[in-house]
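Undergrad: Sequence:
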Amino acid sequence: MNFDEFGWIIKALPRRSYVQCATPVKAKKPAKARVTVLIGCSAAGLKFKPLVIGKSIRPLCFRSINMANLPVLYYHQESSWMSSELFTNYFIEEIVPTIKRNFPH
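In terms of full-length UniProt numbering, the sequence shown opens at residue 1 and continues consecutively.
FYI, nobody ran anything at the bench for these hints, they're computed from the structure. Be a bit skeptical, because a hint or two may be false.
[Claimed, not checked] Derived DSS-like pairs: lysine-lysine, alpha-carbon spacing no greater than 30 Å straight-line:
(1) K26 to K100
(2) K49 to K11
(3) K29 to K55
(4) K55 to K32
(5) K28 to K11
(6) K55 to K26
(7) K11 to K26
(8) K29 to K47
(9) K29 to K11
(10) K55 to K28
(11) K49 to K32
(12) K11 to K47
(13) K100 to K47
(14) K55 to K11
[Claimed, not checked] Between beta-carbon pairs, the in silico distance windows are:
(15) C21 to R58: 17 to 23 Å
(16) N89 to P59: 17 to 23 Å
(17) R15 to S56: 22 to 28 Å
(18) K100 to S56: 46 to 52 Å
(19) G45 to S17: 36 to 42 Å
(20) N66 to T98: 19 to 25 Å
Quick reminder that beta carbons are idealized off the backbone N, C-alpha and C, glycines included.
Could you build the full structure based on these sequences and the hints that come with them?
TA: Dropping the structure here:
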């Protein structure tokens, strides 16, 4: 199995521009709205449901959506970072059932 985890700053503005500014622009603090995404697959080509970790228990953008119907698993944590507890839960809830479903023995 192969997994990759990356952080995504979702409200970040671009750092560079192709347009030349004639007037100087004041620098602003970077946005801190961040999510962590974990994606993975097996050597047999099985793709697992991505795991998204955010800060909110239930983000406002999902208020009218059933979270169970999303194409990703959403977990929350204060720091939006991966922890061993979150990975263990993901392993038990997603990876083990997916492998059992696709490779019954």
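Undergrad: Which numbered hints are broken by the structure, listed smallest first?
TA: When the structure is compared with the hints, numbers 1, 8, 15, 18 turn out to be violated.
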